[in-house]
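Asker: So you can see what is in the structure, the chains are spelled out below.
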Amino acid sequence: MGGCVEFGWAWHAASMANPAPVTLVVGDEELLADRAVGSIVAAARADDPEAEVHDLLGAKVEPGELTRLSSPSLFGGRSVVVVRSAQDLSKDVIAEMVKYTAHPADDTVLVLAHPGGVKGKALVDGVKKAGAEVVTVAKPTKPGERLDFIKAEVRREGRTISPAAAQALLDAVGSDLRELAAACSQLAFDTPGKNIDEAAVARYHRGRAEVSGFTIADLAIEGRLGEALEQLRWALATGVAPVLIVSALAGGLRSLAKIGGAPRNLRGGQLASHVGMPPWKIDRVKRQLSGWGPEGISAAMQAVASADEQVKGGGTDPAYALEKTVQVIVASRTGR
Amino acid sequence: MSFFGDLVGQDRAVAVLQKAAAAAAEALAGGRGAGMTHAWLFTGPPGSGRSNAAKAFAASLLCPDQGCGHCDACHQVDVGSHPDVTWVRPEGLSYSARQTRELVLKGAGAPTLGRWRIMLFEDADRATEAAANALLKAIEEPPPRTVWLLCAPSPDDMIITIRSRCRVVTLSTPSTEAVAHVLATRDGVAPDMALFAARAAQGHIGRARRLALDEEVRRRREDVLSIPRSLSGVGDCITAAERLVKTSTEDADAATTALNEVETTELRKVYGEGSSGKGLNKGLVRGGAGALKELETMQKSRATRIKRDSLDIALLDLVAFYRDVLAVQFGARIELANEDRRHEVEALARSSTPEDTLRRTSAIMQCRERLAANVNPQIAVEAMTLALRTPTPA
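Sequences listed follow chains U and A, in order. At position 192 of the first sequence the residue is numbered 192 (this note's numbering), and the sequence of numbers has no breaks. Basically this note's numbering = 1-based index in the second sequence + 1000.
Just so you know, the hints here were simulated from the structure itself, not pulled from any lab data. In this text, all values refer to a predicted model and were calculated from it rather than measured experimentally. All residues carry an ideal CB built from backbone N, CA and C; glycine is no exception. Treat the hints with care, since some could be wrong.
What the simulated footprint calls covered on chain U by chain A, stretch by stretch (three residues with Cβ under 8 Å from a Cβ of chain A suffice, anywhere in the stretch; the number is not a length) [as the list claims (entries may be wrong)]:
#1 246–252
#2 298–310
Pairs of lysine-lysine, DSS-like flavour, derived with a Cα cap of 27 Å [said to hold, decoys possible]:
#3 LYS119(U) <-> LYS1300(A)
#4 LYS121(U) <-> LYS1293(A)
#5 LYS119(U) <-> LYS1269(A)
#6 LYS91(U) <-> LYS1137(A)
#7 LYS312(U) <-> LYS1019(A)
#8 LYS1293(A) <-> LYS91(U)
#9 LYS121(U) <-> LYS99(U)
#10 LYS1300(A) <-> LYS312(U)
#11 LYS1246(A) <-> LYS312(U)
#12 LYS281(U) <-> LYS1293(A)
#13 LYS119(U) <-> LYS1293(A)
#14 LYS1269(A) <-> LYS121(U)
Take these sequences, add in the hints, and give me the full structure.
Answerer: See the structure below:
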């Protein structure tokens, strides 16, 4: 007894014809965990359409409740007990769950969803040992994995998506899997034809969901005012903290000052160790440095310092402070 | 009267306090006690000895001879072990309302030894507004034998409702001679060094002492004062700022690392770690994790404060330098804080205008304000060093 399944996004309910009596779903990616739970419930329902489903929250499960729900009912029929946020289960209930797992009832399917982590770890360890089926949902962390997720989502709908379109969708929607999944199914529904291409994505999605402060800093330092302001607005609208934007601006200007102020006879590795920056970054900053003079850098950094003060409560509107700072930075470029 | 003797150059304040102590003794004996009051606010520039003045007053209230300096009561007040003196020293960035309420409760008790219960609140300006409000009732109508002694740099640092409930004792900045004299007589510092330290510290007795006794502190000051000269390009400004911030971080680390560890181990022990015996588990008992987190927050706030204080000392040294430059530019006949660097001061005075100097001074003051407003220290100090820069003639 007791297997371990790695739950990816290519995994389907059909792959689980006969659900194990006790399944533990571990992982903090909500959508994937939900789907894993859902597929087990669906499988149980497929076995017996009359099965009764009890959906419980960990914090509200009382001692004895599991025994009550899993005992055979007068009218027969199976039951499915789902416990979400199982990390909140109380100590006694955890002991009960572990005991139950060792001797599960015949007509009951128990599903425990645990986000992982230290809280309620006794449950994970205990149930595993007692022989529960363990399903691990892994959160995709790399951009490549998110692209694979998009492709798999589209394939679920029986469609295909071109790599460029997938990338465009990822840029526009962001990294939240639930939103990506919703966007994929919406696109599949709205788009005629088998393949979803870039034009189809562009028709419904535009812009970028996630802009980092560094993008804004680079644009501002390179003097691209319009784009910088546009990206700044995007960043603020998607909830990037103003403080992070300020520190990115300060970081960009600081690099300019360091490279600009370094002795001219330093080259390559020497320069890199003098200013403490990797060589690829030095090349980039050197390109940005054209159009900047010491007075300009000085004025821009003053603006950034006052922006930091403003976003930390010295001013009323962080967005205004940031916009003004970006403008001052761009305007300072011409300074000697 | 050895306690009051330690207060350098504060004759006026000492007279007031001695009179009050005498009145207090009269009140204890059943007299009218006119001239004594239940809430005092000690104000004066940093280093003028606010907390020492408060301590001396506390001793003179608790000592049967009004601060003889050698009886048990005086000794206990001096080392901080007197049962009737509650000594509050906020270590973090601010003092919360919750802490203040606990304090108020303590202040409501009767004195143990029968004279006065003294609540000595150092750095009362660290109290948040809510905390100050929690204090109002307590200092307005304390129990008959409770005396509140608050210390703050200036009356303006306390909210008006607190100020109006306190009698203010203003301490002045002691003169260079007075500070040098104390250093020479009390700490046995050589006269030359005492004079240098007293000038450089500008009346801050504690700082003068550290300057006179600690080689490292003097070296640090040299480092800071070499900054104005080094700022020619923007790159130099960034480097100087980086060094200033790094030094202050190191200060904070040095002061807190060992202390933090001890505190954490102690707290873990309190919550049952390492205990053995029947019925005990090895880990922390319930509530331990929360208490540890609270301790961590306190420690972080303390580290930030030490970092800021250390940066502030450097900034004040810089301000003193530019003040000297301005004095030379205007031909004012006052003694320079940086007499040892007269050469540099005069050079800078010749090569810049008074406007430049004032602009630079206000850049430093602005940096101090920004640090207090929680601006990222590196950004604030960079902006300052850039403003201090001597533009290379084009």
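Asker: With reference to the structure, classify each hint as holding or not holding.
Answerer: Hint by hint, here is what the structure shows:
Note: the segment 246–252 of chain U has 3 residues with beta-carbon separation from chain A under 8 Å; the three-residue rule is met and the coverage holds. Counting residues of the segment 298–310 of chain U whose CB lies closer than 8 Å to any CB of chain A gives 8, so the stated coverage by that chain holds, three being the minimum. At most 27 Å may separate the alpha-carbon atoms for a hinted pair to count; LYS119(U) and LYS1300(A) meet this at roughly 25 Å. For the hint pairing LYS121(U) with LYS1293(A), the CA-to-CA distance comes to about 20 Å; that is within 27 Å, so the pair holds.
Restraint check: the Cα-Cα separation between LYS119(U) and LYS1269(A) comes to about 22 Å, which is no more than 27 Å; the hinted pair holds. Distance restraint check for LYS91(U) and LYS1137(A): the Cα-Cα separation of roughly 46 Å exceeds the 27 Å cut-off, and the hinted pair is therefore not satisfied. Taking the CA atoms of LYS312(U) and LYS1019(A), the gap is near 47 Å; set against the 27 Å cutoff, the hint is violated. Among the hinted pairs, LYS1293(A) with LYS91(U) is consistent with the structure: their alpha-carbon atoms are about 23 Å apart, no more than 27 Å.
A C-alpha spacing of about 16 Å is found between LYS121(U) and LYS99(U), which places the hinted pair at or below 27 Å, so the restraint holds. The straight-line distance between the Cα atoms of LYS1300(A) and LYS312(U) is roughly 19 Å, inside the 27 Å bound, and the hint therefore holds. Among the hinted pairs, LYS1246(A) with LYS312(U) is consistent with the structure: their alpha-carbon atoms are about 22 Å apart, no more than 27 Å. This hinted pair does not check out: LYS281(U) and LYS1293(A) have alpha carbons roughly 39 Å apart, beyond 27 Å.
Distance hint between LYS119(U) and LYS1293(A) is fulfilled; the C-alpha atoms sit about 16 Å from each other, no more than 27 Å. In summary, the hint linking LYS1269(A) to LYS121(U) is supported, as the alpha carbons are separated by about 24 Å, within the 27 Å threshold.
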